[in-house]
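Trainee: Here is how the chains run, residue by residue.
Number of protein chains: 2
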Amino acid sequence: MMNAHANLALAALAFPAHMPNSKSSHIRSRRTRRPLLPLTMAAHPPIRTNIGMSTHGSASGGGEQAGISSTDRFRMIDFHHVEFWCADAASAAARFSFGLGVPLAAESGLSTGNTAHASHLLHSRSGSLALLFSAPYAQGDAVTASVPSFDADAARRFTADHGLAVRAMAVRVPDAGEAFRTSVDAGARPSFAPAELGHGFELAEVQLYGDVVLRFVSHPDDTAIPFLPGFGSVPSSGATPDYGLTRFDHIVGDVPHLAPVAAYIAGFTGFHEFSRFTADQVGTAESSLNVVVLANNSENVLLTVVEPVHGTKRRSQVQTYLDHHGGPGVQHLAMASNDVLGTLRKIRGRSTMGGFELLPPPPASYYDDVRRRAGDVLSEAQIKGCQELGVRVDKDDHGGVVLQIFTKAAGDRPTLLLEFIQRIGCMDKDENGQEYQRGGCGGFGQGNVTELFKSIEDYEKSLDASARLAA
Amino acid sequence: MMNAHANLALAALAFPAHMPNSKSSHIRSRRTRRPLLPLTMAAHPPIRTNIGMSTHGSASGGGEQAGISSTDRFRMIDFHHVEFWCADAASAAARFSFGLGVPLAAESGLSTGNTAHASHLLHSRSGSLALLFSAPYAQGDAVTASVPSFDADAARRFTADHGLAVRAMAVRVPDAGEAFRTSVDAGARPSFAPAELGHGFELAEVQLYGDVVLRFVSHPDDTAIPFLPGFGSVPSSGATPDYGLTRFDHIVGDVPHLAPVAAYIAGFTGFHEFSRFTADQVGTAESSLNVVVLANNSENVLLTVVEPVHGTKRRSQVQTYLDHHGGPGVQHLAMASNDVLGTLRKIRGRSTMGGFELLPPPPASYYDDVRRRAGDVLSEAQIKGCQELGVRVDKDDHGGVVLQIFTKAAGDRPTLLLEFIQRIGCMDKDENGQEYQRGGCGGFGQGNVTELFKSIEDYEKSLDASARLAA
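Respectively, the protein sequence lines represent chains A and B. Take the first sequence: its letter number 286 is residue 286 in our numbering, and every next letter is one higher. In our numbering, each residue's number is its place in the second sequence (first place is 1) plus 1000.
Hints in this document: simulated from the structure, not taken from any laboratory. Here the structure is a predicted model, which means the values were calculated and not measured. Hints are supplied without guarantee of correctness; some may be wrong.
Dumping the calculated SDA-like pairs for lysine to any residue here, alpha-carbon to alpha-carbon at most 20 Å [what the hints assert, rightly or not]:
| no. | chain 1 | residue 1 | chain 2 | residue 2 |
| --- | --- | --- | --- | --- |
| 1 | B | Lys1346 | A | Ala239 |
| 2 | B | Lys1346 | A | Gly349 |
| 3 | A | Lys461 | B | Gly1113 |
| 4 | B | Lys1461 | A | Thr240 |
| 5 | B | Lys1346 | A | Thr240 |
| 6 | B | Lys1408 | B | Asp1368 |
| 7 | B | Lys1408 | B | Glu1457 |
| 8 | B | Lys1313 | B | Asp1280 |
| 9 | A | Lys408 | B | Thr1240 |
Turn these sequences into a full structure, and let the hints steer you where they fit.
Mentor: Pasting the structure below:
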């Protein structure tokens, strides 16, 4: 029923291009996994998707284990890494390593025989979180590249256009070549044809949105290779602090028009609609946006797509992103911790010396509401911790609780942010009796979404020159 | 006598384009302030300079106080700042702030009404050291720029060409317009005509080498403006640690041919030759370079220019720089501390978590020699500290001692390095009886130069792919 519904929703994926200027900004505590409102027709006609016609989902899908959905055209095991294209990858990697407490784990460059690009990989010891930063050398031999899809000229244009930005969102799949071919057969625009990297590694890319690519990586379960062939381990990585970030929870892209992008992604992946929020549900009093969350079968790969809503009092923050980024792109990376309060205290401790700054807390009354809604799951100490750090709290219908907070802009521009998240509850057992947490536990807290986007709006107001100068 | 000599040396500034492959790599302990060897004619004829014809030196010069020299065409009060052009200035500034312990002190950008560039200023509380990092926004209004010479398209090309690199070396002068006009009259190539910034600030630029500019900044002694008009103070800066770096000691540029560049700079500034090293003096067993240090009258603004020597066993590290940087540019920034061992311990403590890595120490026997040469000035504890950290030690004829160390490459490429330096001794009194340290005290330690460049050579060997792969 859910999949049929999701398919239907995607096939007719639609948001009004202009919403009436009557946003509700109060907190809603119910997790939303279905459209709550009737959807009007989009200004952009939906792209036809192949959902429901897949013959790959059951053949290669792995989501059945979770028993949630089975529409995937090919199995996505998990997020593998995210790659930033940089002008100087060393500085960006160093700053993220320090600010987020994710150790520098592997490198590729002149010292490994790669004259095409300098790459620095951060990898958490607490989990699988992997952040790759790459930059072109002045003059390199492309055939020596460790990431074969690296394109020096494209990277130079990319950083000139976008500043600090994500080029690739990589997922691990059982067979990158198969994932690529299946995707392209189902309408994906190819970006980089499958390439064997040796040692059983394969890599391919399709376009995602803007100039961001979805990268497929496959490799043996048991490998001694650090990250990808051509990378060398960093000996000192063991000495670096790890603040407890474990993996990507979800990755969010801002686009001008949501419907065609969501339909495109769902079309070639087979992803189902995990959640959606319309302007009426998550808009603040002054601006708004529409959101769709797409998920693989096992709901551990969550891709969110957001579009601006126009005609509101303030310009949509999504439009601000699009203007300053220079088109569609990754707006935030949500990274999970098993102890997000502990992780945040460490991250905050580095804020004023080059780390990342957290958005300020909501008013104290917000946490009175948290006590009412989630006091049965969170201890008073935890709620106080959330208040101290400004963490937003929401709870879904099944008792799952989600803790979330955003940083201020990670780079120069009001574009890329980071989110830290912890999901509590929703424990299940797989067929082997192993406990696991259902993906997306606690949902995307509609109340949180409103609160989080409101906090970004407040932050953007602080960047408003006229407001600042008038103050 | 010295100035006459310096003028003569500059007028005929000359290094052989090819030196015989017979470098001496042993340590020389004597400070060198005169050419030790007869100079052969350069492959490039010297550019005629106006040294000795200046009418500005005595009119606006302030170096007379130190009584060292009086050839300056206009007074340079001190280094003012260095500006990096970046694709993402936030990451670079954050990394330098954390890695070097220099607090983020001021910013300009959207929040201050500057839509042209995002700029982050690091400024030491221990002194006057100022590092500026700037990047273009996607679409900005150039007239809102706080640094009026900022050119978004040029900045994008600059970062694409060079990666992490210095765009501007700024000196404070009594009158930026006058410095600019005097320089241009004396042969400087103009880059940015004098502009009034308000509040008594003025800024102008002439070309230095490659696409690096020499920026003149003038402002009232007593001003409440943080850095430049258009910048806002960063409130949290007081909470950030300061590791004790105080100022730029000297700034080094790598160029293909030293003679014309040194003659050009000396020609429009009136700078005298402070020191020089030829390939025979500072070459390692395998490669070499020629060095000239130029100084203003008071020898607190020291500009070093270096050229490669070809035909040696290994390619000159200067040529490596030129290839990877993509032309001439700033090769290292030497930053002073009044307690370099304490500063270095803090810098080293951040090395493995995103800071800067120091080059490894020389063999223990090196420090036996240090005991002999400088044991009368340095305590045994200090010498042990130098050994622990890998600090090189040299001593000049007047008992001045200099402690120096380099970092590994600061960014992705084997180009920009950082140097940390402490000069001990050479205390003098000015006409008011105030004690001050004579500029360049301890000299440029010819032995140190050899040692330092050898350590870079060893580091570059570690980047040599074939060496690494064969190991």
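Trainee: Now look at each hint and say whether the structure bears it out.
Mentor: Structure-based check of all given hints:
Under the criterion of a C-alpha separation no larger than 20 Å, the hint pairing B/Lys1346 with A/Ala239 is consistent with the structure, at around 16 Å. For the hint linking B/Lys1346 to A/Gly349, the alpha-carbon distance of about 17 Å falls within 20 Å, and the restraint holds. In summary, the hint linking A/Lys461 to B/Gly1113 is supported, as the alpha carbons are separated by about 12 Å, within the 20 Å threshold. Between B/Lys1461 and A/Thr240, the direct Cα distance comes to roughly 26 Å. Violation of the 20 Å bound is thereby established for this hinted pair.
The hinted pair formed by B/Lys1346 and A/Thr240 meets the criterion: a straight-line CA distance of about 15 Å does not exceed 20 Å. Between B/Lys1408 and B/Asp1368 the alpha-carbon distance is near 25 Å, which puts this suggested pair outside the 20 Å criterion. As the CA atoms of B/Lys1408 and B/Glu1457 are separated by approximately 11 Å, the hinted pair is consistent with the 20 Å bound. A distance of roughly 14 Å separates the Cα atoms of B/Lys1313 and B/Asp1280; the hinted pair therefore holds under the 20 Å criterion.
Of the supplied pair hints, the one linking A/Lys408 and B/Thr1240 holds, its CA atoms being roughly 18 Å apart against a limit of 20 Å.
The structure fails to meet hints 4, 6 from the earlier list, while all remaining hints are met.
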